Amino acid sequence: MTVPAVEAVDVWRTYELDGVSVSALRGVSLTIDQGEYVAVIGPSGSGKSTLMHLLGGLDRPSGGRLVIGGRDVTTLTAPELATLRNETIGFVFQAFHLLARTSAVDNVALPLVYRGVGARQRRERAAAMLGRVGLGHRLHHRPNQLSGGEQQRVAIARALVTVPAVLLADEPTGNLDSATGEAVLELLEQLNAESGVALVMVTHDQEVAARARRRIAVRDGLIRSDSAHDRPPSDGSGVPATLDPAPSAEPRSVSGSGPGHPPGGSGGAAGATGRLPRPGERPRAEQRLPRSGGDAG
Amino acid sequence: MRLAEAWRVAWDALRANRLRSVLTMLGVIIGVASVVILVAIGTGTKQQVEQQVEGLGSNLLLVVPGRIEVGNAPVVSPLDLSDADAVSRVVGDPGRVAVTVASGATARAGNRSDFTTVQGVLETTPSVFTRSLSRGRYLTGADVDTSRRVAVLGDSVARALFPDRDPLGQQVTLAGVRFRVIGVFAPLGQSLGVDRDDEVHVPVTAAQRLWGTQRIDGIAVKAPDRERIDELGERIVAELSRRHPDTEFSAVTQRQILGVLGDILGVLTGVLAAIAGISLLVGGVGVSNIMLVSVRERTREIGLRKAVGARPRDIGVQFLLEAVLLTSVGGLTGMALGVGTALLVDALSPIPAAITWWSLALAFGVSAAVGIVFGVVPAQRAGRLDPVVALRAE
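One line per chain: the protein sequences are A and B, in this order.
Numbering follows the working numbering, with no gaps: position 265 of the first sequence is 265.
With positions in the second sequence counted from 1, the corresponding number in the working numbering is that position plus 297.
Each hint should be verified, as a subset may be incorrect.
[Claimed, not checked] Per label pair, the in silico range of CB-to-CB distance:
id: 1; chain 1: B; residue 1: 653; chain 2: A; residue 2: 80; range: 48 to 58 Å
id: 2; chain 1: A; residue 1: 141; chain 2: B; residue 2: 319; range: 20 to 30 Å
id: 3; chain 1: B; residue 1: 304; chain 2: A; residue 2: 141; range: 24 to 34 Å
id: 4; chain 1: A; residue 1: 18; chain 2: B; residue 2: 653; range: 36 to 46 Å
Honestly, the hints are just simulated from the structure, not real lab data.
Quantities reported herein were computed from a predicted structural model and do not represent experimental measurements.
The beta carbon of each residue, even a glycine, is placed where N, CA and C say it ideally should be.
Generate the whole structure from the sequences, applying the supplied hints.
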């Protein structure tokens with residue numbers, strides 16, 4: 001068994017609104033392993049966005065334990081949490097969130113800026129990543145010169161350029177027409193299968209959710225069903241999965257993401273090969289996160 | 298994030314809103330340029346006055362009744378020419394002693410007239426003060442002894458009364474009495490806006506007769522050596538006080554005059570610079586305001602940057618650099634504008650202006666500091682934004 005990418009145990013998130021406590025999450029437990037493909041579904045107000053923010057290290061739980069990439073989020077300072085996001089998480093948003101005046105390649109390179117990678121190497125890795133998502137011919141276009149689908153591909157490249165353990169996609173097809181959305185989903189699934197990055201997709205679209213190998217239904221701040229524990233998948237009326245935070249015995253790691261790959265290799269080479277580097281090949285020698293491969297293999 | 302990278306991001310952000318950046322900078326530009334210009338004019342005026350005071354002559358000692366202090370009312374002089382003789386005996390050389398009795402008077406020549414200052418003086422004046430003639434001759438001892446009605450005109454007076462004629466040998470009427478022009482001074486220029494060529498010298502005896510008086514206003518002495526000038530001054534004051542026990546006398550040196558004038562001009566320059574500094578402060582408030590707008594406008598960008606790994610400090614530094622860049626570029630532009638304007642003023646107007654390095658360094662330092670001071674609050678606000686909230690911003 002590898003170290004889980006994300007592990008949540010009885011996680012609460014409570015907001016204070018005008019002196020009234022509102023709990024968006026009320027004790028959620030779940031584990032996401034390396035290379036999983038998970039859909040989080042639920043109506044608006046169900047807490048699925050809050051859950052995604054927590055899984056991505058954008059927010060901290062009010063209670064419970066949340067471990068991302070082997071690090072307990074509650075013990076981290078804001079700068080440490082930022083570094084953890086940079087190293088472990090890739091975000092894809094419904095609204096793309098690209099920097100408007102910045103070329104595609106520099107948008108993709110942005111996370112590497114905060115990692116202290118030099119300009120030339122940043123661009124090389126960003127360009128390679130853009131090639132990977134099929135935009136090798138659009139490196140120097142600005143977002144307003146790209147179609148919606150292309151913009152989301154740029155965002156996906158940006159999310160993956162740091163070789164994260166988890167790719168969090170929040171309604172990634174919400175702003176796209178169905179054909180373009182289908183292509184983006186296929187790209188995400190392909191990258192998930194090839195690179196071993198865990199794909200966690202938040203959606204309210206049942207059709208989109210149905211494609212995932214694991215589906216987690218959230219309602220009223222609780223996990224109502226988790227196909228990993230509740231097979232065959234129920235329609236949300238099952239026992240809350242929070243009672244069983246242990247990972248399923250089912251092997252969820254897709255081929256190619258398994259342990260045993262030799263660590264090392266330079267950062268530039270990883271992107272330049274045109275193949276997504278696997279977690280075990282993370283280029284940073286000072287990598288502190290005991291995640292996959294090397295440790296557990 | 299590396300600092301060089303942060304500078305580039307800040308620069309790009311400013312360029313993206315070019316008009317807004319320039320307008321924001323304008324406040325700083327005007328402030329810095331005002332400081333540079335006003336300090337340059339103050340410094341230039343001070344330097345000019347110093348030159349002129351030193352150009353009066355060397356080792357000068359001016360003896361006048363009353364105290365020389367700012368705000369003291371002038372005292373009616375009890376001095377007459379016998380006091381000048383007494384001072385000459387103290388000094389030991391009548392050639393080093395000059396006197397003056399001055400009054401405003403209208404000078405006429407033909408149908409032209411000019412209101413000017415008529416100075417009754419001794420023939421020693423050009424050697425005590427540094428004065429030179431452009432034409433003719435100066436007064437002689439015989440002119441003074443015989444109260445001869447001869448006059449030496451200042452350059453401005455000569456031009457006013459005799460614009461197209463040689464004034465030598467011509468008649469001028471001073472306070473209704475005719476004098477013959479025997480010489481014209483070489484021009485001296487202006488001092489603190491006063492035309493130093495607007496004067497007429499006549500023998501002190503003739504002037505006293507003109508105004509029906511025996512008194513003189515003051516005595517000037519050219520001390521034989523610089524080291525003993527203060528001691529000489531004390532001896533002269535003692536002698537005059539003995540002769541006029543009811544009156545206090547002062548003997549001042551050029552150094553003392555320079556000190557007093559320097560203090561006055563220094564305060565003046567400081568006040569002007571402070572007023573200009575207020576406009577720099579207002580410019581800083583403008584920068585702060587625009588940075589707050591910028592943070593609000595770019596909330597989503599901040600959220601995104603945080604999501605991909607920017608630490609609070611990275612964001613704070615980015616916005617702080619943006620503010621500093623605004624004020625520094627504004628400061629440099631303001632410096633260039635100020636220096637250019639000061640040089641133009643110096644070249645094209647009678648107002649002197651002198652650029653000093655310290656004023657440039659101060660102006661730039663203050664403008665950069667304004668960027669830091671007024672950029673801190675917006676930068677902190679940006680750095681502390683909650684990424685979840687920031688990403689949701691419209």
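Results for each hint:
no.: 1; hint: B:653 with A:80: 48 to 58 Å; result: holds (50 Å)
no.: 2; hint: A:141 with B:319: 20 to 30 Å; result: holds (28 Å)
no.: 3; hint: B:304 with A:141: 24 to 34 Å; result: holds (25 Å)
no.: 4; hint: A:18 with B:653: 36 to 46 Å; result: violated (59 Å)
Hint compliance for this structure: hint 4 alone is broken.
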